[in-house]
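Respectively, the protein sequence lines represent chains A and B. Numbering of the first sequence is given in the working numbering, commencing with residue 21 and proceeding in unit increments. Numbering of the second sequence is given in the working numbering, commencing with residue -11 and proceeding in unit increments.
Hints listed in this document are in silico derivations from the structure and should not be mistaken for laboratory results. Wrong hints could be hidden among the right ones.
[Claimed, not checked] Within a straight-line C-alpha distance of at most 20 Å, the following computed SDA-like cross-link-like pairs (lysine to any residue) qualify: (1) 438/A - 230/B; (2) 438/A - 238/B; (3) 286/A - 179/B.
For reference, the chains in residue letters:
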Amino acid sequence: MDTRSALALLYRRAGFGASSSELSQASALGFSATLAELLGGLQQADPAADAIEVPTMLQPPFYEPKSLNTPAAIAQLNQTLSQERIALTDWWLGRMVASNNPLKEKLTFFLHCHFPTAISKVRFPAYMYRQNQIFRTLGSGDFANLTTAVSTDPAMLIWLDAGTDRMPDPNENFARELMERFTMGIGTYTEFDVRAAAFAFTGWHLNNATGQFAIAPKLHSNTPQTFLGHQGITTGQEVINIVTRTSACAQFVVCSVWSRFAYPVKPSDPLVVELASTYSNDRNLTNLLRTVFEHPNFLSATTATGLIKQPVEYVVGALRALKIPAARIPAIRPPIMNALASLGQVLFDPPSVGGWPQNEYWLSTSAALARWRFAHQLALIGDVSLVADSPPASRVEAAGELLSVTSWSPSTAAALKKASVNPHTLVTLALVSPEYVSN
Amino acid sequence: MTDFESSETWPTDEVLGEPIEEDVDHPNEARVGWGVDRRKFLALAGGLGTAGVLSATLGPRLWEGFFSSPSKAPAPLKLALSPKPAVSQASSSAKKPLILVTLYGGNDGLNTVIPYQTSIYESNRGTLAIDPSKVLPLGDGYGLHPSMPGFKKLWDAKQLAVIQGVGFANPNYSHFESMDIWQSGVPGEPVSSGWLGRWLDATNSSPLKAVSIGPTMPTLLTGVRVQGAAIPPGKLVLPGDSTEQLLFATLSQINSGEPQLLSEAAAASSNLIQLSHQMGPTLSRTATSDPLHLKDANPNSLAANGGAALAIANGGGGQSTPNVLATQLSIVANLILAGAVPQVYSVELGGFDTHVNQLTTQERLLGELDAAVTAFVEAMANTPQGNDAVVMIYTEFGRRVSANSSAGTDHGWANNVLITGPTVKGGFYGEPSDLARLQEGNLVFTTDFRTVYATLFDKVLGVDPKPFLQGSFNSFSMV
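Based on the sequences and whatever the hints tell you, model everything.
What follows is the structure in structure tokens.
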């Protein structure tokens, strides 16, 4: 892989794609220095993204239960929350579009997918914002600390009913999904471990008045449990400490990261096992990302053709490529939200605790139409001057520059060539080409 | 002449107008915690389309080239099961529509078809036990959940089959692995093809033969070579002028030797062209009608804008909540009544993972299911296209027999499967799981779930079930 292609790949995976000028700058720096810069960004502020104003949101206590006693009052609250949710989505999309530090937003998005939590149940945008900030601020550090922070945060407490675990028959929802979906993966624990963990999490709840995590002593079981071979376990924190230090967790996290930044693998893949032993030294996600991007298998054909863009990556990547400023997002919200909704990936609202699947899942007939509609509209309002200002004979190449696609297949090239009289059509088609749809 | 429209939609500055359901009016309810809940994006997708519509036409001859071009099929995927192709359809009689209703999250079957006269039920369920005086009796000591009066009518008309004790060996407590087993039709080692996807493969079917309604496609319609199509709700209007549409088809061609995901992306676009060509006019024509008649309002209100076939019905759910299942089934009904290409349809309803406050949540969801499915069966009855339609309703697992301390139930094992349709022979099938012989607190299956699939292959799709299922299973006689 030549340097420019390698850098284009790095920018697609560690960010949302690169502009032609970014690629030229990066080429001058070289792969290692560019990677160091992207990783360094994880520890730095992002002034361009931080300039996007955080919307005003209701804070806990969100309402007086007694005041919600008329249909009008309920409707009013619902409307407020619905408007907040729209503003919060604008805010995050705006950050992704504006960011000069794209790996930070990309990692935040990855963690939203790793710890899927949906506003349809959490209800309060202020809580989704809080969780999102945990991903952004703690996501580049120790995975065990991150898991504790996410687990004791209101969004997760509400989402998996942890706040309702109580004696004598605690519900198993959080205990099971913590191990199955977030840390260890199915088949690495027993039903006894699920029960034991459920007992350890009893009493965990959200104080609705303050919006703070608390443990209710009266609801908490102090009966010592044997959990994953550890005896005398009585607290949820102990459970999190244990699960996040297992080798199963190391493989699960490595598998999750590799599968979303390079190409899909199974936890048992030798590559995962290899990386998991390094990861286990510190459980640090920045270091894990470095290991992934520096791995010889990363710069391979398997990686380059191994992922389809998630809808959010598709939309944000296209907005950035066509230079739509973040400030304009609220004004062009309908086509953006339409695209995300009809592709099936609404931010803050994953379909289940399993999150969003990958690759083929985004290649339905419906999805093809949704992408085309969005591309058609975006090409009308976006900046396609890079293509339009080129002579027709070199417009196909210019479209590649615009979208950071380094080569077109014969059928795509044929279609784009025929469209080169009309830059709008050409860019639309380039945006829906298999080469751009893949990541 | 192809009924081809193009939407030149300029993005407007209008604010997202569709209210997003927050359910603040049901603060104690377990909400859609688990399960694919499409309500939001259906609402979004339906509410935002604004279209100045331009018409463009393409002569049929122009299209022929696209559809007859060779090598449209995606490269074979590496999947575990690969039945031999070209199983012939057993009969040439009119095709019977098959509709799969997937309930995501694990519906509590014990509170759906309720053994309300047994004390074991009452003692295990405590406050979650449904009041026996409100249960809708079916006989044999069983009754339906009170929010299912429509299903009770179907039962009385002998059009509802209840298959009891359905499951598989080595049951799995994971939503995802259990659903994978159900949708692949293969217990044990996971395979990535679906039980109906393999039927698409084996019958060399078009992707339009088996479709889902909405953005994505469930595993059950994924074959090794052929993937079912996902039908976008609402009018099917392709963007761009005829040149753009023609070139879109050009770049949807598969290049030999290209990576698999690129081929699959091209195939999705190619399928879209095929969908638009074969079903676009029907979808556009029926986008404003609701054969389910679940709302008294002027049917034109259904198509207030863009894709608003979605805002169809409010079938017994919340106050202003569109019944998302009714919306999907309304689209299915339209397609069946119009004699459209698909024979198999997949629709879904999520939110059944009732670890907490099960009573209110399940009541609401079963009410939506009841309204939508019974209106659908009614719409199919006595129509030449729909009278043989068969609806199968299933979920990934049953729930634990004993309630937890959060007024909910945890993941469990065996469950009922419901089958209904105008010509289905109603009654109980299979053997109920023994409440006195639980394992790990769970119902043990008596009927292998593949028996249900064998029945559908045999009696609805008219093919020998064997090549699709590992093993031989006798069919039931309800179809």
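Hint check results:
1. Distance hint between residue 438/A and residue 230/B is fulfilled; the C-alpha atoms sit about 13 Å from each other, no more than 20 Å.
2. Using a Cα cut-off of 20 Å, the hinted pair residue 438/A and residue 238/B holds, with the two alpha carbons roughly 10 Å apart.
3. Among the hinted pairs, residue 286/A with residue 179/B is consistent with the structure: their alpha-carbon atoms are about 14 Å apart, no more than 20 Å.
Consistency with the previously given hints is maintained throughout, with no hint failing.
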